[in-house]
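Enquirer: The listed protein sequences derive, respectively, from chains A and B.
Following my numbering, the numbering of the first sequence begins with 1 at its first residue and continues without gaps.
Following my numbering, the numbering of the second sequence begins with 1 at its first residue and continues without gaps.
To be clear, the hints were calculated from the coordinates, so they are not data collected in a lab.
Every residue gets a Cβ at the ideal spot worked out from N, C-alpha and C, and that includes glycine.
Hints may contain errors.
What the hints assert, rightly or not - With a Cα cut of at most 30 angstroms, we get these calculated DSSO-like pairs of lysine-lysine:
| id | chain 1 | residue 1 | chain 2 | residue 2 |
| --- | --- | --- | --- | --- |
| 1 | B | K111 | B | K170 |
| 2 | A | K69 | B | K241 |
| 3 | A | K123 | A | K224 |
| 4 | A | K7 | B | K241 |
| 5 | A | K123 | B | K12 |
| 6 | A | K123 | A | K214 |
| 7 | B | K12 | A | K7 |
| 8 | A | K2 | A | K69 |
| 9 | A | K214 | A | K224 |
| 10 | A | K2 | B | K111 |
Claimed, not checked - Counterexamples of contact, computed for chain B against chain A with all Cβ distances above 10 angstroms:
| id | residue |
| --- | --- |
| 11 | L62 |
| 12 | D245 |
| 13 | N266 |
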Amino acid sequence: MKRYVLKRLGQALLAVIGAATIVFFIIRLSGDPARLMLPPEASEDQVTALRQSLGFDRPVWMQYIDYLKNLVTGDLGNSLYYKDSALKMVLERMPATIDLAVFAIIIAVAVGLLVGILSAYYKNSIIDYLLNGWIFLTQSLPVFWIGIVLILIFAVNLHWLPTSGNRGLESIILPALTLAAYPIAPIARTMRASLIEVMEQGYMVTSQAQGFSKRRRIFKRGLKNALLPVVTVISLEFGVMIAGAVVTETIFSWPGVGQLIIQAVSNRDFPLVQASILVVSILYITLTLVTDLIYHRIDPRIKVR
Amino acid sequence: MKKSILPRGGAKGIVSIGALVVIFILTVFAPWFAPVDPYSQSLQDILIPPLSHYGNDGGISLLGTDQLGRDVLSRLLYGGRLSLWISIIAVFVSGVLGSAIGIIAGYFGGKVDALLMRLADIQMSIPSMLLAIVMVAVLGSGLTNIVIVLAVTGWVTFARVVRSQVLSLKEMEYVEAARAMGVPHATVMIRHILPNTWFTIATQAALQMSHMILLAAALSFLGLGIEVSTPTWGGMVNDGKSYIDSAWWLSTLPGLAIAFVILSINLFGDWLRDRSEAR
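Could you build the full structure based on these sequences and the hints that come with them?
Expert: Below is the structure:
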């Protein structure tokens, strides 16, 4: 157990350093990051000044070492546009993204589990086929399109909900539904497959022989044993959601990290872009790590790859 | 046994291949099918709803016009051509790259394998959407850059799937026999291992294709794709967003086109997977 945790922690740390390295080099892909961070009409003097103030004139390996050092102390540089600590700006936007993702995952889990349980319960019946077809369809719809259609129906035509912004509970409903649309499918699929597998296990067959009704067997014993793989999928999807919120936040002008990234890109504010991507990646890596550790605690047979 | 209301067995293959052929013909020969030039603007025909008259000769616009009076159907067909091309090339590049890495990692094993797969893990720790956004931001938009960005985000999946198959293939007797006879590593990989991974690669390519189309569309939707005036499906949805209260067709129709293509590709991929499982 201890060995597993240590090894897994090491992997996560390596992933964080790796992600930071990738972002570091991508920013320098263009050859001249100072030029990249200024508008096209900027003068040569301005470019030189920025190059010196951000240290781009030094050897790359020195920049890289300093970058990693600063990273350890939590210094991700300052936003060029807002002249404020990039990390602070990202963290200020994080709660809005987390709110949205939590709302969305609640919807996705509720719908996904319901669909999964129903289609496992009515396995190979018309209900199962219909639900399966619906799940297949949701995976084919682009997220941004779902958002726009929701706006068209509930905001433009029915006037039930606002189209954008962050003004209380009613403005989170449409973005949360949009963000929830995609993870419903993997959750439902895993739930169905896992429950069907559990139902065929020896102890479940025994409880059938003992005369327990199908419903009782599923809810009293089946679900408890079938949920483990589903929990993993849910927590992985939650990580994907925080990253995928970029599109949803843009559609609904939701003031989260995703919107911040897009704004920073259009302002050429690369220190801010870099900080946002690093923070989201670290969050994503941590979520995966926690999932693995919890999974391992419940089922120690899992080995490190 | 997975079942759904969708066509099953052979029918699944026929329906999906049929749909893909139709999409292919419509978009590749877009200039023949498009009623007018997708770039031609007409100020008197702005935001005309689908199925209504337009122009001086009173012709019917099947899918309406946009805020600059451009024909939506024509833009959809040309946009489809571009969107599909980008995704096909991106899948091809990432498929070649990923499969090569997967074969090398699986075949040699040991340190090479550990290094390549760790690299894949590290790349996966940055969500692909964010990786794509930052790369486009740095490289700039434009066709070639979008293809590069998509290919870079896509190789990992190919590498992982191909590697795991190579791991079992290299234990086969014919591979050992070839090695024992002194056949060089490169030849073994290309002549004896690669042909047996074709099916896996093809299935993965079909699945990746829909990912690429969605990712490319999301990038153009965020305004990070090709230049704004060039029709792309994601860009059309984005353009239409500002007119959502007055012209519903601008955003919804390109989205439906994407959905139809993705649905057909996913169905095709599903059919391929069924066949590979049956083998």
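Enquirer: Please go over all the hints and tell whether each is borne out by the structure.
Expert: Each hint tested on the structure:
Among the hinted pairs, B/K111 with B/K170 is consistent with the structure: their alpha-carbon atoms are about 17 angstroms apart, no more than 30 angstroms. Between A/K69 and B/K241 the CA atoms are separated by roughly 44 angstroms; this puts the pair beyond 30 angstroms, and the hint is violated. Distance restraint check for A/K123 and A/K224: the Cα-Cα separation of roughly 19 angstroms lies within the 30 angstroms cut-off, and the hinted pair is therefore satisfied. Distance restraint check for A/K7 and B/K241: the Cα-Cα separation of roughly 48 angstroms exceeds the 30 angstroms cut-off, and the hinted pair is therefore not satisfied.
A hinted pair counts as satisfied when its Cα atoms are at most 30 angstroms apart, and A/K123 with B/K12 qualifies at roughly 21 angstroms. As the CA atoms of A/K123 and A/K214 are separated by approximately 13 angstroms, the hinted pair is consistent with the 30 angstroms bound. Between B/K12 and A/K7 the alpha-carbon distance is near 45 angstroms, which puts this suggested pair outside the 30 angstroms criterion. Between A/K2 and A/K69, the direct Cα distance comes to roughly 29 angstroms. Compliance with the 30 angstroms bound is thereby established for this hinted pair.
Note on A/K214 and A/K224: the hinted pairing holds, with a Cα-Cα distance of about 15 angstroms set against a maximum of 30 angstroms. For a cut-off of 30 angstroms, the pair hint linking A/K2 to B/K111 stands: about 25 angstroms separates their Cα positions. Separation of B/L62 from chain A is adequate, the least Cβ-Cβ distance of about 20 angstroms exceeding the 10 angstroms criterion. Annotated as non-interface, B/D245 brings its C-beta within 10 angstroms of a C-beta of chain A; the closest such distance is 5 angstroms.
Distance to chain A contradicts B/N266 as a non-interface residue, since its nearest Cβ pair spans about 6 angstroms, not more than 10 angstroms.
Violated hints for the displayed structure, listed by number in ascending order: 2, 4, 7, 12, 13.
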